[in-house]
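K.L.:
Listed below, chain by chain, are the residues.
Number of protein chains: 2
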Amino acid sequence: MKKLKNTKNKQYTLFTPGPTEVPDFVLQASAQSLVYHRESNFSKLYQAVNEHLKAVFKTKGRVFIFTASGTGAMEAAVANLVSRNEKALVAICGKFGERWKELLTRYGAYVRTLDAPYGKTINPQELERKLKTDDTIKYVFTTLTETSTGTLIDIKAFGEICHKLNRLLIVDCIAGLAADEFQMDNWHVDVAIGASQKALFTPPGLSFLACNDKAWQIIEKSRNPRYYFDLLIAENFHKKNQTPWTPAVSIFNGLLAALQYVTKKGIEHSWQRHQTIAEYVRTYLTKLNIELYSEKPSNALTVVKMPEYIDSTKIIEYLKNKYHILFANGQAELKGKIIRIGHMGLYDKKTFAQILNYFTQVYQKMLKK
Amino acid sequence: MKKLKNTKNKQYTLFTPGPTEVPDFVLQASAQSLVYHRESNFSKLYQAVNEHLKAVFKTKGRVFIFTASGTGAMEAAVANLVSRNEKALVAICGKFGERWKELLTRYGAYVRTLDAPYGKTINPQELERKLKTDDTIKYVFTTLTETSTGTLIDIKAFGEICHKLNRLLIVDCIAGLAADEFQMDNWHVDVAIGASQKALFTPPGLSFLACNDKAWQIIEKSRNPRYYFDLLIAENFHKKNQTPWTPAVSIFNGLLAALQYVTKKGIEHSWQRHQTIAEYVRTYLTKLNIELYSEKPSNALTVVKMPEYIDSTKIIEYLKNKYHILFANGQAELKGKIIRIGHMGLYDKKTFAQILNYFTQVYQKMLKK
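Protein chains in written order, with this note's numbering: chain A, 1 to 369; chain B, 1 to 369.
If you are wondering where the hints come from, they were derived from the structure by calculation, not from laboratory data.
Honestly, I wouldn't trust all of these hints.
[Said to hold, decoys possible] In silico DSSO-like cross-links for lysine-lysine, where the CA-CA straight-line distance does not exceed 27 Å:
no., chain 1, residue 1, chain 2, residue 2
1, B, Lys221, A, Lys101
2, A, Lys314, B, Lys44
3, B, Lys130, B, Lys214
Only chain A is shown next, with the shape it has when bound in the complex (with noise of 0.2 Å):
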């Protein structure tokens, strides 16, 4: 791993399913002094961010850029398509799935659900079943890789069902983008989000919607009430190559550094290299007879499924003390039940040798208890 520069209070090193760790020349990018956003210096660097991201989202559409969280760029999709009363689906295995439907609902639209259980991932062919008995489904959102969980979903098959009944796919790559394979034009996927903190290793700040043109004519007739996340107004800017808005130019600094890592050697390198670690993470602990939570799981991240009795918040919080490296939990109901372990970003195998070794050490302990 890049070497981390260490913050005053901060005592550990971040494992957490984003943000992730950001090494030290994003930081130190993120760090130069600012340009003037309605100046040519800014939209030299916001072409090239744009052309970078097209390329991972493997994309010839649009792709905008907004200074906000990925909730922030589900919330343009939703807003921007979506009029009062249409109807969506939203295929659900998680949190982040469950966003969507929230955010939909919110919106008005009329919501129908897919739901697979925790841990699972969602079969292509019940949504086929689905949409071929209900015309009036419009939309179907879902999620590329479920950080909740640690799941993955058939996006490639989902495209093809859409695609061939004619429905619009929009799918949350927020956890996945760069991580888990994700070919945009290729897979029929007509709006995709990311954002920065994943695994392109740059700070939170910045999220992604890439649509294409099907999505587009929609987005010009939709009626819903929205400003900040309009992407007519955003439309009007980007032919400038700018925002409409003040961006947040040190992100967009960092960004830059990382993508030009990252589209270097090509996208499928960095699937390739979240793969090579994930596949590490999950034999090294499956030969520990220790349980996967999810059945399909992303390269993102691994979900570890604790015994009942042991409780993962003390595992965490003994990792963190004592060898300064931070998990994350589960969340809502599914806390003290599971550890998420994040490997979306920059690491390497050694940095996951030393870690695991940590970590089976602590759990094994518990077991003994």
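Given chain A, put chain B in place with the hints provided.
P.N.:
Structure of chain B alone, referenced to chain A:
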């Protein structure tokens, strides 16, 4: 001025009316290794920033922090307060006043305006007269510092009138906060908006909404579609010193360093520092018979009016290329007709003595042509 780091591609120092030049100690603070936003180290950071911001707004009310440009926080004010068909009065003397009008229109409000010509401020007596003739106006939206023209609005008088006539007063303080005097609670302002990249000399990416209990009671009842900027969701996390969505942690780190500097001697000192520079700039220019654009200038920037036969675009380009200093042009119909010189942030008189010398040399050369 604190020593400024230079970017490889950047060929100028910013004297734009936001973003401002960010001093090296703030850039370096923002380049610290990141903490996890669901962990106690972030909560400490959040709480510290929040307390400092209360001192900056001079309020005992709630302060919310968004990962978004200032316009995002403006949208939060509209989306959380104003329900469809409610009536709002917008006091407008420039582009940022117009932004309130656009936002309110998008959200279905019934909008009245009180307009002053560009370069003029708004007479509080006219506000009082307008409100007295229409009891159904529930909200007054306006701007502390109108950066498109460099004009200050008398918010203290606005607050007294709105308080007396029982209307809610919402003020965009983005450009003026910490530069022009502003006392939220004492002046009876119900909602105030700010951002990181102006007189708080931090990179752009964070914006703020401060509100009192009177505003909060309305927010709790409003039903506009919103999610990312929903203050009821934010309040649940605010209680834990967290944000609902992944925050721009690196900018929080920078902002804390800047706020510690700003509030160390009290916010009054920051107003005074800006006033000293502003008066110096205005005196310097008027002595040379250079015309100021605004009848009621703010401490955040000075706007210079060009004689009809001089194109400000040429002067700005020349100063950038020859002296590596960047001023801002007028926006829309004011392009080419004015120059906006930002002095919000951490500048000193010596710096301005130098750049005003450059500016007047170029200006006088153009006059002779």
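K.L.:
State for each hint whether it applies.
P.N.:
Status of the hints after comparison with the structure:
{"no.": "1", "hint": "B:Lys221 x A:Lys101", "verdict": "holds, 22 Å"}
{"no.": "2", "hint": "A:Lys314 x B:Lys44", "verdict": "holds, 21 Å"}
{"no.": "3", "hint": "B:Lys130 x B:Lys214", "verdict": "holds, 22 Å"}
Violated hints: none; the structure is consistent with every hint.
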